[in-house]
Amino acid sequence: DARVTQTPRHKVTEMGQEVTMRCQPILGHNTVFWYRQTMMQGLELLAYFRNRAPLDDSGMPKDRFSAEMPDATLATLKIQPSEPRDSAVYFCASGPGQNYGYTFGSGTRLTVV
Amino acid sequence: RKEVEQDPGPFNVPEGATVAFNCTYSNSASQSFFWYRQDCRKEPKLLMSVYSSGNEDGRFTAQLNRASQYISLLIRDSKLSDSATYLCVVFAYSGAGSYQLTFGKGTKLSVIP
Chain B
1 DARVTQTPRH KVTEMGQEVT MRCQPILGHN TVFWYRQTMM QGLELLAYFR NRAPLDDSGM
61 PKDRFSAEMP DATLATLKIQ PSEPRDSAVY FCASGPGQNY GYTFGSGTRL TVV
Chain U
1 RKEVEQDPGP FNVPEGATVA FNCTYSNSAS QSFFWYRQDC RKEPKLLMSV YSSGNEDGRF
61 TAQLNRASQY ISLLIRDSKL SDSATYLCVV FAYSGAGSYQ LTFGKGTKLS VIP
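These protein sequence lines are chains B and U, in that order. Everything in the first sequence is counted per the numbering used here, starting at 1 for the first residue and increasing by one. Everything in the second sequence is counted per the numbering used here, starting at 1 for the first residue and increasing by one.
Just chain U, same shape as in the assembly (with noise of 0.2 Å):
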C-alpha cells in the first residue's frame, strides 16, 4: 500500500463550481499534513496546513479524519486559476530520529470556462 494515495484525476470542472480532493494515509504516526499545489513545470507550493479540527482560508477548506487517515480539500467557486495539480502532503516519523515528508502523486485539477 501507498504511503499517501489520491486519485490522480483528472477532475475537469466548469467555473464557480465546488469540486472536493480526498487523500488517504498508511502511517498512524503521522503527525503533521499540508496541501500543496504545482502548476505545470513549476515547484510545488504550499496551499495550506491541514488541522484536525478543520480550517479554512477563503475559498479552500481542508478537512483532516485521524481515525479514518484521511484527508480533504474542498475548493468553492473554483476560478480558472485553480487549474493545477493538488499535493497531499503528510509529516511524519520514520524512525531512529527521522522524519519524512511524503508527497501523494497529485490530483490534476482543470476549471472549464
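Excised from the complex, chain B in its bound form (with noise of 0.2 Å):
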C-alpha cells in the first residue's frame, strides 16, 4: 500500500531549539496538510498545500513555525525556537482531491522539555 512517510518518528528536544519535521507525500498526491493533535484541541489545521503552493497557514503561529513544499515528494514544518506547548504528535496528510480522502502518515510525537 501507498504510505506518507514521516520522520523523525520521536523527538525530544530543548526549549529554544530548532526542530524540523519531513513528510513524504504519496507519489501523485497533489494536496497535503499539516495537522497537530493534542488530548486538549484534538486534531488542529497547521497548513495546507496544493501542488506544493501554500494555500491556508492560518492555523500556524507565524513566529515561530513555518511549512514549506521545496518539490513534490517533501514537505517541512520548522518550528524555532521550539517550547514547551509545542509539545504534540504532528501528522502529515496527502491527497488527490477532495472528494477522495486523505492519507495520515504516523506521525512526529514531539517532547520539548
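Be a bit skeptical, because a hint or two may be false.
In silico DSS-like pairs for lysine-lysine, Cα to Cα no more than 25 Å straight-line [to be verified]:
no., chain 1, residue 1, chain 2, residue 2
1, U, K79, U, K45
2, B, K11, B, K62
3, U, K79, U, K108
4, U, K42, B, K78
5, U, K42, B, K11
6, B, K62, B, K78
7, B, K11, U, K45
No wet-lab data here; the hints were simulated from the structure.
Mind assembling these two chains? They're in different frames, but the hints should get you there.
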C-alpha cells in the first residue's frame, strides 16, 4: 500500500532548539496538510498545500512555525525556537483531491522539555 | 460554535450491538464529508466517505443531511476490533481560494466482550 512517510517518529528536544519535521506524500497526491494533535485540542490544521503552493497557514503560529514544500516529494514543518507548549503529535496527510479522503502519516511525536 | 461537533462519549457497547454516532457542522458551504477512525497512539485512517444519498460499507452505514448539517455513522454487529475513536471530518471552502479539512474531536467507542 502507498503510504505517507514522516520522519522522525519521535523527537525530544530542549526548549529554544530548532525542530524540523519531514513528510513524503504519496506519489501523485497534489494536496498536503499538516496537523497537530493534543488531548485538549484534538486535530488542529496548521498548513495546507496544493500543487506545492501554500494555500492556508492561518492555523500556524507564524512567529515560530514555518511550512514549505521544496519539491513534490517533500514537505517540511519547522519550529524555531521550540517551546514546551509545542509538545504534541504532528501529522502530515496527503490526498489526490477533496472527494477522495486523505492518507495520514504515522506522525512525529514531539516533546519539548 | 465549533465547526464540527461530536459527542465525545465514551460509548461502551457489548459485542454484537448496534451503535450510532452523530456529528454536526457549522459551515453550510461544506463540500465533502468523511468518517475516520483513530486507534490509540496511531494516525487517523479513512473509514468511509459520506454521500448525500447515504452509503454503506459492510457493517458501516453513513448518512448526510445537508439541510440539517448533520452526519451520522451506524455500526451494526459491533466487533471488539471496532473499539477506537471515530472522527467526523468536513472539507469546506474557507475563502481566498483555500479549503480546510476540519476534524471533530472524535467519539470514543469501546466494544466490550
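Cross-check of the supplied hints:
{"no.": "1", "hint": "U:K79 <-> U:K45", "verdict": "18 Å, holds"}
{"no.": "2", "hint": "B:K11 <-> B:K62", "verdict": "21 Å, holds"}
{"no.": "3", "hint": "U:K79 <-> U:K108", "verdict": "14 Å, holds"}
{"no.": "4", "hint": "U:K42 <-> B:K78", "verdict": "22 Å, holds"}
{"no.": "5", "hint": "U:K42 <-> B:K11", "verdict": "16 Å, holds"}
{"no.": "6", "hint": "B:K62 <-> B:K78", "verdict": "11 Å, holds"}
{"no.": "7", "hint": "B:K11 <-> U:K45", "verdict": "23 Å, holds"}
This entry satisfies every hint, going by the numbered hints stated previously.
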